[in-house]
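First to last, the protein sequences are chains H and A.
Here the working numbering is used: position 229 in the first sequence is 229, and no number is missing along the way.
In the working numbering, each residue's number is its place in the second sequence (first place is 1) plus 308.
Careful: at least some of the hints might be erroneous.
Claimed, not checked - Partner residues are not named here, just some residues of chain A that face chain H (Cβ under 7 Å, in silico): (1) Thr380; (2) Ser382; (3) Leu589.
To be verified - Between beta-carbon pairs, the in silico distance windows are: (4) A/Pro428 x H/Leu295: 17 to 27 Å; (5) H/Asp83 x A/Thr371: 39 to 49 Å; (6) A/Gly429 x H/Gly257: 44 to 54 Å; (7) H/Ser194 x A/Tyr435: 15 to 25 Å; (8) H/Leu41 x A/Leu351: 45 to 55 Å.
Worth flagging that the hints you see were computed from the coordinates, not collected in a lab.
Predicted model only: the values in this text are computed from it and were never measured.
Where is the CB? At the ideal position from N, CA and C, for every residue including glycine.
Single-letter residue listing:
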Amino acid sequence: MLSADPPRGVRRPRKRTDDVAGLGHARAGLFVAPALAIVGLFLVFPAVWTLYLGMTNYRLTGLAAAEPEFVGIDNFTQALGDDAFWSSLGLTLVFVLLSGVIGQTLLGFSVAWALRHVTGWVKTLIETLVLAAWVIPASVASFLWLALLDRRNGTLNELLGTDGMAWLIEYPMASIIVFNIWVGTAFSMLLFSSALAAVPPSQMESARMVGATSWQQLRDVVVPNIKGHILTNTLLITLWTFNTFTPYLLTAGGPRGESEILAVYIYRTAIPGGQLGMGAAISLIMLVINLVIALGYLRVARGTGTKS
Amino acid sequence: MTSASNTPVIPRPEAVPPPSLGRKLVRHFLTRVLFVVAMGLVLVFFALPMLWLVTAPFDGNPTLAVRWPDWTMSNFATIADNRYAVGALRNSLILGLGTMAVVLLLGSLAAYALSRVRIPGRDGLLYALLLLSSIVTGTAAMVPTFQLITQIGLINTHIGVVLVLSGGVLPTVIFILKDFMDSIPKSYEESARLAGASPFQILRHVVAPTARPGLAFVAVWTVVQVWGNFLVPFLLLRAPEMQPAAVLMYTFYTEGGQPNLRLLSAFSLVFSIPVIGMYFLVNRRYGFRFHGGIKS
Numbered sequence: 001m002l003s004a005d006p007p008r009g010v011r012r013p014r015k016r017t018d019d020v021a022g023l024g025h026a027r028a029g030l031f032v033a034p035a036l037a038i039v040g041l042f043l044v045f046p047a048v049w050t051l052y053l054g055m056t057n058y059r060l061t062g063l064a065a066a067e068p069e070f071v072g073i074d075n076f077t078q079a080l081g082d083d084a085f086w087s088s089l090g091l092t093l094v095f096v097l098l099s100g101v102i103g104q105t106l107l108g109f110s111v112a113w114a115l116r117h118v119t120g121w122v123k124t125l126i127e128t129l130v131l132a133a134w135v136i137p138a139s140v141a142s143f144l145w146l147a148l149l150d151r152r153n154g155t156l157n158e159l160l161g162t163d164g165m166a167w168l169i170e171y172p173m174a175s176i177i178v179f180n181i182w183v184g185t186a187f188s189m190l191l192f193s194s195a196l197a198a199v200p201p202s203q204m205e206s207a208r209m210v211g212a213t214s215w216q217q218l219r220d221v222v223v224p225n226i227k228g229h230i231l232t233n234t235l236l237i238t239l240w241t242f243n244t245f246t247p248y249l250l251t252a253g254g255p256r257g258e259s260e261i262l263a264v265y266i267y268r269t270a271i272p273g274g275q276l277g278m279g280a281a282i283s284l285i286m287l288v289i290n291l292v293i294a295l296g297y298l299r300v301a302r303g304t305g306t307k308s
Numbered sequence: 309m310t311s312a313s314n315t316p317v318i319p320r321p322e323a324v325p326p327p328s329l330g331r332k333l334v335r336h337f338l339t340r341v342l343f344v345v346a347m348g349l350v351l352v353f354f355a356l357p358m359l360w361l362v363t364a365p366f367d368g369n370p371t372l373a374v375r376w377p378d379w380t381m382s383n384f385a386t387i388a389d390n391r392y393a394v395g396a397l398r399n400s401l402i403l404g405l406g407t408m409a410v411v412l413l414l415g416s417l418a419a420y421a422l423s424r425v426r427i428p429g430r431d432g433l434l435y436a437l438l439l440l441s442s443i444v445t446g447t448a449a450m451v452p453t454f455q456l457i458t459q460i461g462l463i464n465t466h467i468g469v470v471l472v473l474s475g476g477v478l479p480t481v482i483f484i485l486k487d488f489m490d491s492i493p494k495s496y497e498e499s500a501r502l503a504g505a506s507p508f509q510i511l512r513h514v515v516a517p518t519a520r521p522g523l524a525f526v527a528v529w530t531v532v533q534v535w536g537n538f539l540v541p542f543l544l545l546r547a548p549e550m551q552p553a554a555v556l557m558y559t560f561y562t563e564g565g566q567p568n569l570r571l572l573s574a575f576s577l578v579f580s581i582p583v584i585g586m587y588f589l590v591n592r593r594y595g596f597r598f599h600g601g602i603k604s
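All chains, full assembly: derive it from the sequences and hints.
Here it is in structure tokens:
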């Protein structure tokens with residue numbers, strides 16, 4: 001019979017008290033190595049390689065596919081001088097701001113706030129629906145929205161009486177923004193409802209005792225208490241929204257590039273467009289933006305001393 | 309004593325003189341109405357697109373509009389008739405289980421070693437990995453990933469997709485599993501070692517059973533991630549008979565001509581149900597966890 005907790009006196013002094021299974025450094029290294037190899041080869045290496053690929057004229061087919069040439073920073077100067085790139089970057093900014101930072105965060109917080117005292121089937125129903133939208137595979141979710149927004153038979157046109165309105169062509173950006181809010185609100189809702197549950201009830205009670213309105217309670221008691229969560233939420237949402245590819249399934253960047261966010265722009269340049277080198281150059285810009293967002297987050301998180 | 313329903317409501321004593329009872333009631337009523345209306349709108353917003361998914365698959369003649377179905381189960385038979393549909397679901401399963409196997413095996417070995425042995429720079433390594441996995445997303449790295457997999461000859465193979473997906477989720481998996489392993493009392497392993505067990509025996513017979521909830525969580529989480537992933541298989545698998553359901557689904561509605569809505573609706577539902585089921589199972593059993601990069 002194994003004793004769960006041997007008395008202290010029995011324990012012999014050991015150099016590495018942590019290493020209870022007697023792995024030793026060498027074997028520990030062996031245990032970690034395969035995982036690191038996979039991560040290194042399929043995550044780290046592509047990121048580093050982007051730097052090189054972005055400086056070549058690699059193409060998917062043709063002569064430049066067989067023997068790519070080194071072109072230095074040509075791709076970057078070309079991208080930065082291209083209106084299509086800047087318009088795509090602008091659209092991405094609008095998309096991230098409206099659908100992620102504002103849409104998902106506000107809606108997610110509002111739902112969490114509204115449901116904080118609600119129990120029973122209403123809460124379960126709303127939470128389940130919001131979660132289901134998040135969990136349904138992206139290609140199914142996209143089709144559900146294609147059906148909803150369809151010009152001729154779409155349910156939305158039927159409800160609003162706007163027969164024949166082609167939402168995805170008339171308002172492509174608005175469509176993908178609303179779609180992305182629908183998909184992603186669940187994360188903010190879950191994060192904030194667990195954050196709100198951790199706000200000390202005594203503080204809320206005192207605020208109520210001195211006659212604070214709901215708005216004042218929110219501003220002066222709740223927000224300071226959940227600052228860390230707000231930060232975590234905003235940065236993760238920013239990162240995810242910036243990197244989502246799903247709008248491609250809805251509009252494919254069209255019409256005429258009106259909803260071509262950066263993710264879609266890279267894909268269309270590199271794969272159907274065949275300009276791998278150019279695509280890599282824009283990818284590198286995207287990676288750098290990701291890095292800036294993540295580092296900014298780390299710095300702020302450390303500065304405020306809040307748990308991420 | 310049960311209070312009679314006709315006794316007036318007595319306002320609770322408060323520090324601030326309350327507004328008159330009438331005004332308070334009106335305000336309370338208005339807030340209530342506003343609340344119900346707002347919740348109703350939220351409900352409609354989230355339910356409306358989803359209604360099609362629960363009605364159309366059972367409708368004998370589905371359209372894009374949501375309507376009360378003309379009940380039938382025959383749509384599901386069209387899945388079996390399609391050339392690629394069953395194969396696509398099988399491919400999704402292969403990719404999901406394949407990634408799960410790689411990630412569980414390598415992830416738990418690494419997490420265990422990192423949890424028990426003080427390798428220099430361990431914490432820095434873990435955070436660097438986690439940071440990397442949130443920066444180097446499938447979207448941002450699609451070009452080099454495509455190029456890499458092409459060059460090593462794994463384009464159009466399931467192994468290529470499994471490796472790329474494993475690389476993406478392994479950092480998070482190691483992080484989660486290390487958390488679990490840290491919480492396992494070391495005395496178990498100590499006793500096993502005193503009884504003469506080798507490190508591998510300890511891992512198999514002591515650590516793995518105790519870490520089972522963590523391993524189960526990671527397993528389900530990984531399958532959920534892979535099941536819905538569109539971009540990586542879309543990039544790396546060109547042959548229709550290799551593609552998983554996520555990609556086939558997209559092919560169904562972007563191919564020229566009228567999409568076959570009977571097939572499309574039934575397939576959507578069959579494709580969505582496993583992942584919804586698994587997700588709610590995890591949520592119920594383990595609660596919601598924030599381990600960064602929950603969904604990428």
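A/Gly429 paired with H/Gly257, Cβ distance criterion 44 to 54 Å: Since the Cβ atoms of A/Gly429 and H/Gly257 sit about 46 Å apart, the hinted range of 44 to 54 Å holds.
Have a go at the A/Thr380 hint: is there a Cβ in chain H nearer than 7 Å to its own Cβ? violated, 19 Å
Just to be careful: measuring from the Cβ of A/Leu589 to every Cβ in chain H, is the smallest value less than 7 Å? For A/Leu589, the interface hint is violated, since the closest Cβ of chain H sits about 11 Å away, which is over 7 Å.
Satisfaction of the hinted span 15 to 25 Å by the C-beta atoms belonging to H/Ser194 and A/Tyr435: holds, 23 Å
Using the Cβ atoms, figure out if H/Leu41 sits within 45 to 55 Å of A/Leu351. holds, 46 Å
Is it true that the C-beta distance of A/Pro428 to H/Leu295 lies inside 17 to 27 Å, as the hint says? Cβ of A/Pro428 to Cβ of H/Leu295: about 24 Å, so the range 17 to 27 Å holds.
Hint check: is the beta carbon of A/Ser382 less than 7 Å from a beta carbon of chain H? violated, 20 Å
Taking the CB of H/Asp83 and the CB of A/Thr371, does the distance hold inside 39 to 49 Å? holds, 41 Å
Hint compliance for this structure: hints 1, 2 and 3 are broken, all remaining hints hold.
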